[in-house]
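Following the hints, complete the assembly by docking chain X onto the known chain H.
Residues per chain, in single letters:
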Amino acid sequence: MAFANAFYNTFVKRNSVFVTSIFAGAFAFNVGFDVAVTSFWDRWNQGKQWKDIRSRYIQEESES
Amino acid sequence: MASYAVRKSINLAPTVRALPNGIPSAPRLNLAARTPSDGHGHGHGAAGPRADVPTRLTGTFTSPSVGLVSKTFSAPSPTTHLQQRLIHTSVAAKDAPQVPDFTPYTPKDESTNRAMSYFMVGSLGVLSASLAQSTITGFLETMAASADVLALAKTEVQLANIPEGKNVIIKWRGKPVFIRHRTPEEIEEARGVSLKGLRDPQRDEDRVKKPEWLVMLGVCTHLGCVPIGESGDYGGWFCPCHGSHYDISGRARKGPAPLNLEIPPYDFNEAEGKLVVG
Chain H
1 MAFANAFYNT
11 FVKRNSVFVT
21 SIFAGAFAFN
31 VGFDVAVTSF
41 WDRWNQGKQW
51 KDIRSRYIQE
61 ESES
Chain X
1001 MASYAVRKSI
1011 NLAPTVRALP
1021 NGIPSAPRLN
1031 LAARTPSDGH
1041 GHGHGAAGPR
1051 ADVPTRLTGT
1061 FTSPSVGLVS
1071 KTFSAPSPTT
1081 HLQQRLIHTS
1091 VAAKDAPQVP
1101 DFTPYTPKDE
1111 STNRAMSYFM
1121 VGSLGVLSAS
1131 LAQSTITGFL
1141 ETMAASADVL
1151 ALAKTEVQLA
1161 NIPEGKNVII
1171 KWRGKPVFIR
1181 HRTPEEIEEA
1191 RGVSLKGLRD
1201 PQRDEDRVKK
1211 PEWLVMLGVC
1221 THLGCVPIGE
1231 SGDYGGWFCP
1241 CHGSHYDISG
1251 RARKGPAPLN
1261 LEIPPYDFNE
1271 AEGKLVVG
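Chains as they are written, first to last, in my numbering: chain H, 1 to 64; chain X, 1001 to 1278.
Extracted from the complex, chain H is given alone in its bound form (with noise of 0.2 Å):
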């Protein structure tokens, strides 16, 4: 109660403080989401991306 409390006067008293946290709380979304979502791409697809087998053709190609 008393944390709903503080969160109620912190950020949702005057309007203004409001709506600037929701797109602050947006903007930090999307940068969290697409972080995260690529982080779980890779490691989907991990081995089988370029920048994962990129080194072995590279060396291949010096050598020779």
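Since no wrong hints were added, every one of them can be taken at face value.
Taking CB as the label site, the calculated pair distances span:
hint	chain 1	residue 1	chain 2	residue 2	range
1	H	Ile53	X	Gly1224	46 to 52 Å
2	H	Ala24	X	Arg1114	20 to 26 Å
3	X	Ala1271	H	Ala24	39 to 45 Å
4	H	Ala24	X	Ser1194	57 to 63 Å
If you are wondering where the hints come from, they were derived from the structure by calculation, not from laboratory data.
All residues carry an ideal CB built from backbone N, CA and C; glycine is no exception.
Using the frame of chain H, we list chain X on its own:
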């Protein structure tokens, strides 16, 4: 003159009163009365009440020991006390008695669920703002040049292949580009020109990034012909179409050309000895 008044109308007291819930109450009206039935002539007798007894809409028949008494209420006595009795033991009459009482479920305090409600509103706002941002970004990205277009938009020249004092013409975005490897004497000449006599005054230092390399768009600023290199009165370029002369820095010196030859965006790749136009 004798005057007399005839009362033509009187106000009758209401014979019917309304219950507190709006239903008119006429306690002595026999709403269950049926019309006297007759056998309507084909012999099966009466189906309803007896035809020879008057219907009791109002009033009663009683048959005491002597005779027959019929009471008919032509005007039932009005009820005069219509106010609700406020102190009584029966349940209170409500506006909508079918609606249950939600008092146990309503919050005790206005701050009970307030933070949660606003948190949900804010979360929806965050999600929709994020969604709108990605949608708009996606649309704007369709307007950006794709990688193949960007690859065609640049041209590379190996500078080591161009000897001193020679011109090279390359094609960049469909237009010719002049590259001249200038000799030190030509640089001296280009820098020694007084700006006062120029049609489009521009210092040679502002037209080149490296003094020995002059890179210009090979389009005459007059009407768009391609000038000829190493010719003209000033040792630079000469446009054969209308006779414009450019000097060794590509500045218009004579003829109808209003401006100096244009400088495209370019950069030097020092590591590979290349010039990148675009």
